[in-house]
Amino acid sequence: MSTATLEPAAHRSRPFAWVQQSLTLAWRNIVRIRQNPEALADVTFQPIIFLALFLFVFGGAISQGGGWRGYLPQLLPGLLVQTVVFATMGTGVGLNDDFAKGVFDRFRSLPIARISPLIGAVLGDAVRYSLSITVLMVSGFVLGFRFDNGVGNGLLGMLIVLLFALSMCWIWVWLGLVMKTAQGVQGIAFLVMFPLTFGSNIFVPASTLPDFLQAFVKVSPITYLVDTERALMSGGALQKPLLITLAWMVGLVAVFAPLAIRAYRRRT
Amino acid sequence: MTTTNQVAIEAVGLVKKYGSTTALAGVDLSVPTGTVLGVLGPNGAGKTTAVRILGTLLRPDSGHATVGGYDVVREAGKVRSIIGLTGQYASVDEDMSGRRNLIMIGRLLGYSRTQARARADELLERFELVDAGDRIAKTYSGGMRRRLDLASSLVGNPSILYLDEPTTGLDPHARNGVWETVRNLVLDGTTVLLTTQYLEEADALTDSIVVFDKGSVVANGRPAELKAQAGKQSLDVRPAEPAHLERVAAIVAESVGTRPSVDVVNTLVSVPVTDGSSMPVVVRRLDEAGIAVTELSLRLPSLDEVFLALTGHTAEEKKSDAVLEGASR
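Chains as they are written, first to last, in this note's numbering: chain A, 1 to 268; chain B, 269 to 597.
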């Protein structure tokens with residue numbers, strides 16, 4: 001036998017072992033980010049570049065006399081939504097990659113709770129989402145953005161956008177589990193994400209859009225989340241967009257989490 | 269070697285189908301505790317499918333298997349606590365350092381942070397990965413990655429270890445390192461099931477061998493028995509002068525008593541023999557005739573010849589099936 005006489009703690013005797021296992025696997029995702037900073041580009045540099053581009057290129061035209069400074073309070077809450085919505089697809093791509101590379105086979109050959117790797121993946125990505133929210137908000141503050149509706153409401157806005165990302169990520173978890181390749185997941189994601197985020201009130205007032213697009217914007221959850229964020233961070237009507245956003249979050253989880261878990265059970 | 273009669277791995281009538289493709293068509297296996305079983309076969313023969321079923325990663329369509337006395341389907345959790353699994357493609361997390369990979373597994377197995385670190389250090393040392401321990405696994409060479417994969421499967425001190433083609437793609441030096449590790453594990457009492465495409469590997473490491481072909485066991489026995497079954501050795505003679513081919517063929521025919529095959533392109537005379545006894549005769553006659561040779565050898569059957577003898581076809585014909593097995597991962 002080996003020199004160390006370490007025996008695994010009796011995992012079955014600890015009823016909450018799956019919690020610790022999930023946290024360990026979430027830790028894994030965070031370590032991967034730290035050891036692989038280039039993989040973080042999509043949640044760090046991309047939002048900064050988007051912010052700079054949209055603000056300085058379109059700001060003058062869109063804010064009608066306010067210059068880019070006048071555009072910032074409108075753009076930043078919207079860009080925050082776009083950034084986290086884009087970040088959610090990384091969860092599906094990462095899961096698909098783990099399966100393809102055999103990393104999940106390793107987890108499954110260990111005596112751990114079957115659901116732990118999935119929970120760990122989602123929890124780990126919550127950290128990634130938080131990071132991209134923080135990066136974008138800090139960039140906004142540097143450029144002069146302020147929580148005009150109070151710091152408490154502003155922080156609540158950051159929390160809600162994070163929770164929305166955690167609800168939406170189940171779509172990509174599900175697709176990541178049922179699709180064959182990570183590139184396929186990414187392809188679908190871009191097809192959905194671009195119309196969803198650009199066909200919205202993120203960059204321009206919805207009233208400037210043609211009728212058919214306005215009809216789409218009126219049903220898109222992105223619109224209500226953006227309105228919620230603007231209300232919380234800069235002021236405005238809150239109740240209706242907030243309620244609709246919360247309803248969408250519940251709906252997304254109710255539909256896609258069971259689908260994802262079923263696909264996960266089928267593959268594990 | 270332990271002399272216990274206990275059976276570590278027992279499989280009866282394992283069947284697994286993917287659509288119209290049959291990966292396993294009723295496989296029986298039995299591995300006594302503390303021994304090494306080699307599963308030999310070409311790509312697509314069903315080796316990986318069998319390992320995945322015995323490792324609780326796949327459910328068989330029919331048949332059943334026990335590992336350490338536990339059913340692989342109904343008591344998968346218990347099976348997982350006594351096995352270690354090393355995949356054909358090293359399933360380490362490439363985006364983490366070797367050390368963190370090992371610590372993560374230790375933590376998942378319920379070790380405290382301190383215990384997990386100690387275990388990781390111990391394994392890094394044992395697998396000569398101390399210097400590379402803090403580098404991310406993506407930067408490792410093939411041999412290092414395979415060692416890390418082996419180390420990962422040993423974190424929980426498994427009593428039963430599955431190695432799925434542990435040396436495929438490794439250079440001879442790295443391969444010897446893996447062999448050494450397997451031998452030491454067996455000395456410690458670990459039961460090993462090893463799949464391989466190399467007869468030489470099965471010969472070097474295993475107590476007994478089963479040969480898979482198209483999802484079935486086509487032969488089993490001790491390595492020496494299989495080689496005897498697999499066919500004869502061959503005596504090869506290569507004259508220095510191509511012009512001597514005919515005379516060499518005549519000498520070989522006289523000495524061995526069988527007509528040899530003559531390969532004009534490669535200047536090679538080759539004849540199947542049962543043992544090496546005719547070799548000195550051939551040497552003496554060639555010397556008497558004053559014919560110089562560049563090669564005179566007694567060759568053991570290659571894997572292809574074993575397959576040809578056991579299955580009636582060569583290992584090479586089966587490339588198309590390999591794709592299907594890959595897809596099942």
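It cannot be assumed that every hint is accurate.
Subject to a maximum C-alpha distance of 25 Å in a straight line, what follows is the list of computed SDA-like cross-link-like pairs (lysine to any residue) [what the hints assert, rightly or not]:
1) A:LYS180 / B:LYS495
2) A:LYS101 / B:LYS495
3) B:LYS406 / B:GLU468
4) A:LYS101 / B:GLY410
5) A:LYS101 / B:GLY411
6) A:LYS180 / B:GLU468
7) B:LYS285 / B:ARG342
8) A:LYS101 / B:GLU468
9) A:LYS180 / B:THR289
10) A:LYS101 / B:ASP296
11) A:LYS180 / B:GLY411
12) B:LYS406 / A:ALA263
13) A:LYS180 / B:ARG443
14) B:LYS406 / A:GLN214
15) A:LYS101 / B:GLU278
16) B:LYS495 / B:GLY525
17) B:LYS285 / B:GLU362
18) B:LYS285 / A:ASP42
19) B:LYS482 / B:GLU468
20) A:LYS101 / B:GLY525
21) A:LYS180 / B:GLY525
22) A:LYS180 / B:ASP339
23) B:LYS346 / A:ASP42
Short derived list, chain A residues pointing at chain B, Cβ under 10 Å [what the hints assert, rightly or not]:
24) VAL19
25) ARG32
26) ASP42
27) GLY60
28) SER109
29) LEU110
Treat the hints as calculated values from the structure; they're not laboratory data. All C-beta atoms in this analysis are idealised placements derived from N, C-alpha and C, irrespective of residue type, glycine included.
We went through each hint and held it up to the structure:
1. A:LYS180 / B:LYS495: violated, 42 Å
2. A:LYS101 / B:LYS495: violated, 36 Å
3. B:LYS406 / B:GLU468: violated, 30 Å
4. A:LYS101 / B:GLY410: holds, 15 Å
5. A:LYS101 / B:GLY411: Holds - the C-alpha atoms of GLY411 of chain B and LYS101 of chain A are around 17 Å apart, at most 25 Å.
6. A:LYS180 / B:GLU468: violated, 36 Å
7. B:LYS285 / B:ARG342: holds, 20 Å
8. A:LYS101 / B:GLU468: Cα-Cα ~28 Å, so violated.
9. A:LYS180 / B:THR289: Holds - the C-alpha atoms of THR289 of chain B and LYS180 of chain A are around 19 Å apart, at most 25 Å.
10. A:LYS101 / B:ASP296: Since the Cα atoms of LYS101 of chain A and ASP296 of chain B sit roughly 29 Å apart, the hinted pair is violated (cutoff 25 Å).
11. A:LYS180 / B:GLY411: violated, 29 Å
12. B:LYS406 / A:ALA263: With a Cα-Cα distance of about 29 Å, the restraint between LYS406 of chain B and ALA263 of chain A is violated, given a limit of 25 Å.
13. A:LYS180 / B:ARG443: violated, 32 Å
14. B:LYS406 / A:GLN214: violated, 48 Å
15. A:LYS101 / B:GLU278: violated, 29 Å
16. B:LYS495 / B:GLY525: holds, 23 Å
17. B:LYS285 / B:GLU362: Since the Cα atoms of LYS285 of chain B and GLU362 of chain B sit roughly 31 Å apart, the hinted pair is violated (cutoff 25 Å).
18. B:LYS285 / A:ASP42: Violated, because 41 Å separates the two Cα atoms, which is more than 25 Å.
19. B:LYS482 / B:GLU468: holds, 21 Å
20. A:LYS101 / B:GLY525: This hinted pair is violated, its Cα atoms lying about 56 Å apart.
21. A:LYS180 / B:GLY525: Distance ~59 Å between LYS180 of chain A and GLY525 of chain B Cα, so the pair is violated.
22. A:LYS180 / B:ASP339: With Cα atoms ~31 Å apart, LYS180 of chain A and ASP339 of chain B exceed 25 Å; violated.
23. B:LYS346 / A:ASP42: violated, 41 Å
24. VAL19: violated, 12 Å
25. ARG32: holds, 4 Å
26. ASP42: This interface hint is violated because 15 Å lies over the 10 Å limit.
27. GLY60: violated, 42 Å
28. SER109: holds, 4 Å
29. LEU110: Cβ of LEU110 of chain A sits 6 Å from chain B, so the hint holds.
Checked against the numbered hints above, the structure violates hints 1, 2, 3, 6, 8, 10, 11, 12, 13, 14, 15, 17, 18, 20, 21, 22, 23, 24, 26, 27; every other hint is satisfied.
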